[in-house]
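Protein sequence lines, in the order shown, are assigned to chains B, H and S.
Per this note's numbering, the first sequence starts with residue 1, numbered consecutively.
Per this note's numbering, the second sequence starts with residue 1, numbered consecutively.
Per this note's numbering, the third sequence starts with residue 1, numbered consecutively.
Incorrect hints may appear among the rest.
With a cut-off of at most 30 Å between alpha-carbon atoms, the simulated DSBU-like pairs for lysine-lysine come out as follows [unchecked claim]: (1) Lys515/B to Lys420/S; (2) Lys296/B to Lys515/B; (3) Lys417/S to Lys296/B; (4) Lys98/B to Lys296/B; (5) Lys417/S to Lys220/B; (6) Lys516/S to Lys220/B.
If you are wondering where the hints come from, they were derived from the structure by calculation, not from laboratory data.
Predicted, not measured: the structure shown is a model, and the values here were computed from it.
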Amino acid sequence: MIHRTSEISLFDAGIAAQAATSALRKLDPRELVRNPVIFVTAVVAALTTVLFVRDLFTGGTGPDAGANLAVVGQITAWLWFTVLFANFAEAVAEGRGKAQAASLRKTKTETSARKLADVAATDWQSVPAASLRAGDLVVVEAGEVIPGDGDVVAGIATVDESAITGESAAVIRESGGDRSAVTGGTRVVSDRIVVRITVNPGESFLDRMITLVEGAKRQKTPNEIALNILLAGMTIIFLVVVVTLEAFAVYSGITLPVVFLVALLVTLIPTTIGGLLSAIGIAGMDRLVRFSVIAKSGRAVEAAGDIDTLLLDKTGTITLGNRQAAEFVPVAGINDRDLAEAALLASLADDTPEGKSIVALARQKFGFQAGSAETPGYTFVPFTAQTRMSGVDTPAGSIRKGAVDSIIRHVGEDAVPRDLRQSVERIAKAGGTPLVVARDKRVLGAIHLKDIVKPAIRERFATLRQMGIRTVMVTGDNPLTAAAIAAEAGVDDFLAEATPERKLELIRHEQAEGKLVAMCGDGSNDAPALAQADVGVAMNTGTQAAREAGNMVDLESDPTKLIEIVMIGKQLLMSRGALTTFSIANDVAKYFAIIPALFVAAYPQLGALNVMGLGSSSSAILSAIIFNALIIVALIPLALKGVSYRPAGAASLLRRNLLVYGLGGLVVPFIGIKLIDLGVNALGLV
Amino acid sequence: MLKELKPALMMLVVLTIITGALYPLAVSGLAWALFPTQAHGSLVTRDGEVVGSTLIAQGFTEPGHFQPRPSAADYKAEASGASNYGPTSGPLIDQVKARIDALRAANPDAAARGPIPVELVTASGSGLDPHLSPGAALWQAPRIAAARGIPEAQLRTLVSSLTEGRTLGLFGEPRVNVLALNLALDALPAVVPDGAEPPGT
Amino acid sequence: MDSAGLLQIALYLVILTALTPVLGGYMARVFGAGPAPLDRVLGPVERGLYRLCGVDPAREQHWTHYAASLLAFNLLGLLALYGLLRLQHGLPLNPADMSAVAPDLAFNTAVSFTTNTNWQAYSGEAALGYLVQMTGLTVQNFVSAATGIAVLVALIRGFARRGTRTVGNFWVDLVRGTLYLLLPLSIVLALFLVWQGVPQNFDAYVTAQTLEGGQQVIAQGPAASQIAIKQIGSNGGGFFGVNSAHPYENPTPATNLVEMLFLLALAAGLTDTFGRMVGDRRQGWAIFAAMGVMLVIGIGVATWAESATNPALIAAGVDGLGGNMEGKEVRFGVANSALWAVATTAASNGSVNAMHDSFMPLGGMVPMVNMMLGEVVFGGVGAGLYGMMIFVLLAVFIAGLMVGRTPEYLGKKIEAKEIKLAMIAALTVPFGVLGLSALTLVVPAAAASIQDAGPHGLSEVLYAYASGTGNNGSAFGGFGANTPFHNTALAVAMLFGRFLVILPVLAIAGTLAAKKTLPASAGTFPTHGPLFVGLLIGVVLIVGGLTFFPALSLGPIVEHLLMTQGISFTGAPQ
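From just these sequences and the hints, can you work out the full model?
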């Protein structure tokens, strides 16, 4: 059973309380300066505070006499609220990340490790786990916690990784091969392994994961940097607008109170997106973690949104992991019962799902009872990478089953019956995998192993196509088989007879065309391709090499999750874009609130611009600044959840988001400011 | 950038020769051959004397002449200019009022004939606008008829004969050249005005 | 507005649209690879020119090198023009004996013509001799236009190329733009203008004996050759003081139509050149459409405003049907004057056929807004489109985020570096317009240049600095710009508005050229459809609107509200 980290409600009381205090702590100028928009807001808030205090003592006879002292006080307060709300948004996002991190951190208890001098050594030395460095060897036995990330270099053991993955079933970890990586904080359930630690203190998987979800050392992503430049540029533009406005006002015969100019500035600069920007980024990482995917950088998450080509392994991703034997196809002169019996015998010791399905089919079809792996006199020949066959030597003869070409090599070209080629081709064309069975170098026939395409996978690929993503199925199958499955599953393209080298080549080819490629992989030989891909998702069950090479790790080792990762990447960018548009569109209404309020004293005719019919100049300005502050809070849930994303083509997405956030951004503040103004006047705040 | 200065200098010299000397000289040569009158300013001579240019307005104040549009440049063809007064300019309003008063004083029954054509009381863009709309020319007809002692109908005929329509029937506005009108008026046989002096002179 | 006026406007737009692919295709051949159309005639001249100047036309330049060539050439051009203006009293072909131009005015004028602005704080027939008009101003009219086109062409190459370090050769682009494009068109247009009555001579000013016995001195000169290029090259600097309102500069409705077409023809054509050179003409037409829609909106507002007659004049007894004729010429009427005003400020041409200062408040606001938007509604030749590309990048950036992809345009990813450069360019307009306008108002000596009291006075200041920063050159002519303060400040505005856009644009061209080109997919939003056109218009209007709405509300907007109540202002401004 896979369980996702439990959902944290958007405004968890505990988190909110903590966030409130941390919002105050974030008033530290060194923190604020990282966010230009909010920094400017804080600076002008400080300025109006000084002016307010001065006016308190002078009785408001300064140059700001035009503004009522109570109004100045309220505007000052709301300016600070604006800053605090922005800080709060960031703090809430961080708080949610911290809550996630806390549950992770529980596994990171202070353990001691038994350090070995070398693999063969039997005596060990007890050291604190935190002191282990890359290259150190430790021995871990049943019941002990693995002290750090590393590779198994000796032994085999079952390991309980539920602390990290949530997967309750223990997994096998052994030296060599693709199942050698172990994670610090997981527990050895049985046996003894020697682990070579691969990371230095503080760099472990768990450490990185905690840092990432807490957003503590969050690095800005490329698009975020670009957006920040845009927002900083707009802030500068509005500074120029507001500063010069004083000169234009003086020419027009009025002096504008500084506090009103400040209010205009703060409502114009993009405080909404500025205040929510980092919350959006943190929440994006957080969503990924909740999907049990760890991104090593925010950059990778953004890149996921840009993916053009998705390489998906056939097995386990597109088809169910196990192929099923569906049919025995004997060659001429052999009856199917003989073939089935030979296949059954050859598969008795074969523990793979395919092997088991052959046994099951033979028994079901012909009612064989006899035979088990323990039958005396039977010598089972295991599958090796060299022969690519397995089988059994019995007194009655030696039986081999294997891939077509390996059996042909086994029996010799000349001994291949003509009709075998036909039946093999037929099976392949149907998308099946033919296994050939031979007894004593005589071909008996083929077994039709059928790939079972996962239900609903076709729809997912259609969705991806809509999003503009091309799917490429990667399989070791021959081209015929691959084509049939590709057609059934609805992928756009396939790479048959794939080897790690061909996979790497394919990625490079796609990238040369300017495309961004995502893939997932687990084996050590996937590492180069994972490193080459723009988004490489390593399965947590994979080797340490693979996990190092990829820029994301899927804790649940579910390759189909690439699709979700892409969506989360897109959602992250969309949330930023949507809120930026909303923020800028808001300014139109704010102008219609504040401009007439500022200048109606000089030119009563400008009252014509007061289309909202706001009560008074003071209430108009106050309402605009209140709206500006409250909208940040109102949008925190959206920033944390991300804007809703339904896979669709770019044009329809843009149309929809422009309608919702562009047009909405134009209209909403007109309504909001009007309502606040009604409230402000009803309460007699001005 | 220093390295660039040599080609830059050479380019500037060569392009100056091409576009600043050869080009205007070539155009001038062709223009003199093809359109000599226009190239030299479309000047109008009467009795061998240059009396103006058909394209340039000149001031007329005598009641027996059509008066062109007001000129902020006082019809100085070596110093074109406009008032550049904005629509809420007090001086503009005052100026227009003064012109209205002057026109009403100079033109019989002007007050009775309702609003005055706007172009007669507003300064043109160049200060040298040679044209009037046929309507604005005809508005002056009673005064001229009285001053010259000729029937208004004759003036109407004159104006309509000298009226230029829209180019290709589409572009610009119908207009009549004031200098051409007045040259035509001056070419009419002199008639001694019958009766009183024209009002307002 | 009568139907005749609307028909003229509609015909104008139709002809302009029809000219776009013709000129666009021609320019694509001039600046693209392969032989140019007039190669047989001009090829030897071109090659001889390169040899003479020691330029290797085959040598491509990195953007920094390209920029260095451009700056060196413009700097020398500026100095040469300054020298001519200062020394004109000693130069030949000066029949009216014009004296040397004052240092501040000479500096302002030299900057003005090298930056393709053609702001004129002098009156041509009253200040300049023929030699300076020809070898100084006309030359810069050609080469500043060619410079603008060159920068655009470099930027287009940035989009079209992939993984290269170079963006073309400035000298080649400059020479080809001048020889193949501007010169042939100018010769044809100049002769047409002479035919219609524009003078082209080196005569002394003529003294005429007027019919009523007075004397009238009539300015002459080689006007047609200069007027042709000032219209074609979006320069706009008139031979005579009142520019194309002058009957010698724009004598007939026919010249008016043709001059007005050439105001925008090259800028419009370049949108198609862009489309052709990036290999997708729809992209060019999309930009054309965005510009066209904004142009039509502007024409609509201005024509509507100018068709009205000033209520104060109606109250005084003026016929209310004539429209706003103060500062307009009868042969053009309201429709052609409003159309020209919008076209000339849409293009950063700046020639005028009516006095913008005397336009109705909202009629005058349209030209002002055109300039404040950064001269991107067609804009100056080259400059308009590369300016628009700044907005395109911003629009694409926001749109890209909204569809969940790193923004890209024409297959090029738009990243932090491009946004930074685009913002530098985008900042020049607010700083130049608002910053220098505010400075004018707080310096009493500078504010004394304002002619009209009331909000119109503020409009005069805003217009001047919008015109300078936008490299337009038209003016609210009442503003007394010929003072040391404004000559200097406007020169600064013009230099910033020109080169602080050109340099970031060339840098963008350089970074784009070096990038890979990404293939489009369903995840890439199309930048050739109505949706993008609408978005682009929205970005231009909102960015411009948000920046300038407060200032405009104290200028033309409030003036409009005051005028409808018949309020006017007398006395000294402020």
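Hint check:
1. Lys515/B to Lys420/S: The given pair, whose Cα atoms are some 25 Å apart, holds under the 30 Å limit.
2. Lys296/B to Lys515/B: With a Cα-Cα distance of about 21 Å, the restraint between lysine 296/B and lysine 515/B holds, given a limit of 30 Å.
3. Lys417/S to Lys296/B: holds, 24 Å
4. Lys98/B to Lys296/B: holds, 17 Å
5. Lys417/S to Lys220/B: holds, 15 Å
6. Lys516/S to Lys220/B: At roughly 24 Å apart (the allowed maximum being 30 Å), lysine 220/B and lysine 516/S satisfy the hint.
Of the numbered hints stated above, none is contradicted by the structure.
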